[in-house]
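With chain A's structure known, arrange chain B on it following the hints.
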Amino acid sequence: MAQRSGVSILQRFEALPIIIVFVLLLLLFMYRAPEVFLAPYIYTTFLSTLPPLILLAAGLTFVIGAGEIDLSFPSIIAFSGFVFAVLFKEYDLGWIAVVAGLASGILVGFLNGIIIAKIGIPSFMTTLGTQFFWAGMATVLSGGKSYALRGVEESSVWQWIVGRPFASASTPWLQELSIQGLWTAIIVGFLWLILTRHRFGEHAMFIGDSNDVSRVVGIDVDREKIKIFTLMGFLAACAAIILTLENKNFFGNQGQGYLLTAIASVLIGGTSIFGGQATIIGTVFGCFIIGMVEAGLVASGLTGAWVRTVQGLIFLVSIIFYMYADEPQRRQALFANLRSLGRLGGVRATEEGGVRR
Amino acid sequence: MTPAAGEFESIVRLEGVQKYFGAVHALRDIDLSIGRNEIVGLIGDNGAGKSTLIKLMTGVLAPTSGRIFIREREIQPGEYSVRMAHDLSIETVYQDKSLAEKQPLWRNFFVGRQITNRFGFIDIKREKEVAQKILIDTIGFRGVGITVDSTVGNLSGGERQGIAIGRAMHYNADLIVLDEPTAALGVAEVRKVVEFVRRIKRSGRACIYIEHNLAHVHEVADRLVVLDRGRVVSEINPKDMTVPELTEYLIALQHNA
Chain A
1 MAQRSGVSIL
11 QRFEALPIII
21 VFVLLLLLFM
31 YRAPEVFLAP
41 YIYTTFLSTL
51 PPLILLAAGL
61 TFVIGAGEID
71 LSFPSIIAFS
81 GFVFAVLFKE
91 YDLGWIAVVA
101 GLASGILVGF
111 LNGIIIAKIG
121 IPSFMTTLGT
131 QFFWAGMATV
141 LSGGKSYALR
151 GVEESSVWQW
161 IVGRPFASAS
171 TPWLQELSIQ
181 GLWTAIIVGF
191 LWLILTRHRF
201 GEHAMFIGDS
211 NDVSRVVGID
221 VDREKIKIFT
231 LMGFLAACAA
241 IILTLENKNF
251 FGNQGQGYLL
261 TAIASVLIGG
271 TSIFGGQATI
281 IGTVFGCFII
291 GMVEAGLVAS
301 GLTGAWVRTV
311 QGLIFLVSII
321 FYMYADEPQR
331 RQALFANLRS
341 LGRLGGVRAT
351 EEGGVRR
Chain B
1 MTPAAGEFES
11 IVRLEGVQKY
21 FGAVHALRDI
31 DLSIGRNEIV
41 GLIGDNGAGK
51 STLIKLMTGV
61 LAPTSGRIFI
71 REREIQPGEY
81 SVRMAHDLSI
91 ETVYQDKSLA
101 EKQPLWRNFF
111 VGRQITNRFG
121 FIDIKREKEV
131 AQKILIDTIG
141 FRGVGITVDS
151 TVGNLSGGER
161 QGIAIGRAMH
171 YNADLIVLDE
181 PTAALGVAEV
191 RKVVEFVRRI
201 KRSGRACIYI
211 EHNLAHVHEV
221 ADRLVVLDRG
231 RVVSEINPKD
241 MTVPELTEYL
251 IALQHNA
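Chains as they are written, first to last, in the working numbering: chain A, 1 to 357; chain B, 1 to 257.
These are computed hints drawn from the structure, not numbers from a lab.
Bear in mind that the values here come from a model prediction, so they are computed numbers and not experimental data.
One or more hints might be untrue.
Derived SDA-like pairs (lysine to any residue); straight-line CA-CA distance at most 20 Å [said to hold, decoys possible]:
1) K227/A x R118/B
2) K125/B x F200/A
3) K227/A x W192/A
4) K97/B x V217/A
5) K89/A x W158/A
6) K128/B x E14/A
7) K128/B x F200/A
8) K239/B x E195/B
9) K128/B x V217/A
10) K201/B x N172/B
11) K125/B x E14/A
12) K201/B x A215/B
13) K125/B x T196/A
The calculated label-pair distances, taken between Cβ atoms and stated as ranges, are [stated by the list, open to error]:
14) R197/A x D137/B: 20 to 28 Å
15) R142/B x S300/A: 55 to 63 Å
16) R197/A x T242/B: 51 to 59 Å
17) R202/B x M323/A: 38 to 46 Å
18) I186/A x I115/B: 23 to 31 Å
19) R83/B x A185/A: 35 to 43 Å
20) I186/A x D123/B: 17 to 25 Å
21) R197/A x G78/B: 33 to 41 Å
22) M323/A x D31/B: 48 to 56 Å
23) E129/B x I186/A: 29 to 37 Å
Here are some chain B residues pointing at chain A (derived, C-beta under 7 Å) [as the list claims (entries may be wrong)]:
24) K97
25) R107
26) V111
27) G112
28) Q114
29) I122
Glycine included, C-beta positions come from ideal geometry on N, C-alpha and C.
Only chain B is shown next, with the shape it has when bound in the complex:
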C-alpha cells in the first residue's frame, strides 16, 4: 500500500510558473516543491491563487509559462491532464464533488475503476470485500455503524472526507490534494479529518492541504506556504509560529498592500 521508493525527492516541483487569465496575472514566478512525505498547507486570502495553483499541479489547467516536474520528470505543457495526473498517482479530494449521495459506499469506492469481467459486469462480492478492508484498515472505521452498504447520504461531513481520502489512499495516490476539507464541519468532525490527514502522512504519502481555518492547517502541516496576490510570499515552519502570530502575520500582509 505504501508508495514504492524511487530516486526522486519531490513529488511535484514548479519552476518559474506564470498563469494568466486574459490580462489577469493569476500566478507570478511560482517556485514550489512538494516533498514525498510532506504535508503542505496552502494558505492565503480569497483570490490569492490557491485554487489556480492546485489546478496547475493536478492537470486541470495548463500554465502560461514555466516548468512542471512530477517526480523530477518534466511534464510537457499540453500533455498534462487530469487523467494523466491520476496515472501519475495524484488524486484530488473536492469538498462536495467526490461522492455520490444515494449510492452505497462500495460503489463509491470503485466507480470509474470497477472490478469487472470482460463483459463489464461488476464482481460485487469482490468489490464489497475490498471496500470492507478499506473501511477498516485504511480509514479506520470501526464500530461506528457504517458498513459498505451504507449510503453516503447517511454519513456525516467528516466521515465523507474520510471515505474520499481513504479511496485516494487505496488507489496508491502518492500525492493527495485536499480542497478545504473542513469547510462547514463541526468541531468533532474536524478532529476526524485531521486524523485522516495524519494517516496520509503515516502511510508515507504527500498531501497538499488548502484551508481557510489557520488552526486546523497549523496543527497538521509540516510546512505552510503563504500565497498573496499570485505570489508565494513566504514559507513558514508551523513550529516557529503560533496560530495567533500567524494570524497577525497574514493580517499585516493584507495591510501592506
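Okay, chain A solo, but in the shape it has when bound:
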C-alpha cells in the first residue's frame, strides 16, 4: 500500500538521494584531501566557476523534463558570447552589449523551438544541426579570433555581473567571493518556483509525460515547447556572458566543455531521461557533484584523465539507479527476472506484495 499513496520519504523531500550522495562525497574528499576541502578557497572558487554550469543545467532540467533534448547550447554560448564580446569591446556599448547578448540567445532558442514544435523535427536532430550552424556562424563572424577584454574589471558591467563585492575586506577568502553566485541562486530559485508551482512548469512535465494527453487536457503543446527552448537559449546566453566576463576573454569554443557535464548534472540530479519528472534542486546538487569530483580527484592526487572516467561512471550509475527507482514497470521487470533466476536455481520465489498494476 505504501507504493500507492506515492509519498514515500524519497518523494517528500525533493532530490533526497542526490543530496545524501553529495554529502558522502564531500566527507570523502574532506578525508582524502583535507588541506583543500577544509579550507575556504575551494568553495569561493566554486562560486565563481560553477554558475555557468548551473544555469545551463537548470534550463536543461526543463528541456529534458519535457521529454526533449538540447545539444545546441554550447554553440549558443559561442554565439551569444561573441555578440556580447564584439559589441562590448569593439563598439564599447556596455550594458547594451549585455542586452544584445541575451537577445541573441533568446532568438536562437526561439528558432530551435519553432523548428521542433512547428516543423516537427525531433529536438535531437534539430539541435544537432543548429549546434553546428551557430558555432560555425560565431567562428565566421569572429574570424576565429578571441577577444581579450583587458581592463574590463573597471566597467560597471563586470562589477555588477561577476564582481567581487568584498574585494577590500581584510579576510582573504572573503575578497574572493564573487557575485555571480548570488545572481545564479536568484535565477535558479525562481526557476524552481516556476517548475514546481507555476502553470508553465506543470505543462512542461505533462508534455514530458505524454504529448497526446497534454493536447487532450488543453495544453498548447507547440507553444509551450517553443517557450522551453527559448528559456534554454536565454539561460545559455546568461552563462555565456558570465563566462566571458569571468575569463575576461571570449574564445569560440568556450562552451564546448559543457555539453556532457550539463546533461550529466541534470540526470545525476534525478530528472528522468524519459521526461515527465524533473527537479531543479537535484540538478543543482548534480552540478555540485560534477564540479566537486573534478576538483576533488585532482586534489586527491589523481590525474585529469581520471576525472572524465569517474564523471562518466557516476553518470551511468546514477542513471541506472534512477531508472529502477522511478520506473515501476522496469523495477517489476527486474524483480521478475530475479524471481525467474531464483526458480531456476530451485529457490522458492517470494511473492512481491504491494505493487499492483
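Quick look at chain B alone, frame taken from chain A:
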C-alpha cells in the same frame, strides 16, 4: 454540482447528418437525439462509424452535411470545435489519453484549468483540497490507499477511468462521452467502471458509452443505438432483449449484408 435545469430536452441532437471521407460514405442520414439524463450505449462492429459519430458530436470533426443541435440550439458548421464542446459542457474520456502517468492526481485534475494567481502561480493548497473532495465525494474513493499525491502510474485501469470520469463530472459536464472504458480491464475493474457510469446517471448527467463488450453496456445503458456501415439500424431498449439475444441480433445483421 448537478447541471442546471433548462428548457431543452436533448443535450445533443443530429438531423440528417452525412459524413464523407473523400469517396467513403462514413455516416449516412444520421438522426439521433441524446436525452439530458440518459445513458446511451453505442454499439456496432469495427468500422461501423461509432468513433466518427462521437467525433462529430464532440467537435473533433465537422459533418459534410446535416444539422447539429446542442441543447436545442443549432451549431453552425465550422464554428464547432473541441474547445467549444468543453464550453458547452461536453467532455470526452479517452481510453489512454486522459491522464498523465507520472504526475500526481491533484495535478491531473486541474491541468489545463489550474487555480492560479494572476501571475500564473498555482494555488497548490486549494487544488489539493478540491482534488481531495473530488476523490471522496464525486468518485467515492475511500480507504483504497489512494490520495491526491498518488501518481497515476500506481492506479489500476478501472481506477484511472474513475479519475477521468470524476474530473469530467467535477467540471460540470452535462454530457460525458466514454470511449471503450472497459477495454483491457479485468472483471473487478469493469465492475468499478460500471459503478462510475451509474454515478453519472445518478448525478443527472447524460452519457454516451461506446463499448465492444455487449454485456457491460447492456447492464448500464438506458438505450442501445446500433450502428452498421454508417447507418443507425436500430434503437433497442435493453429491457426488451437479453445479452444472448442481442448477440444473435448483431451476428444476423452481419450476415444479411
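* To do: Please write out, lowest number first, the hints stated earlier that are contradicted by the structure.
  => Of the numbered hints given earlier, the structure breaks none, since each of them holds.
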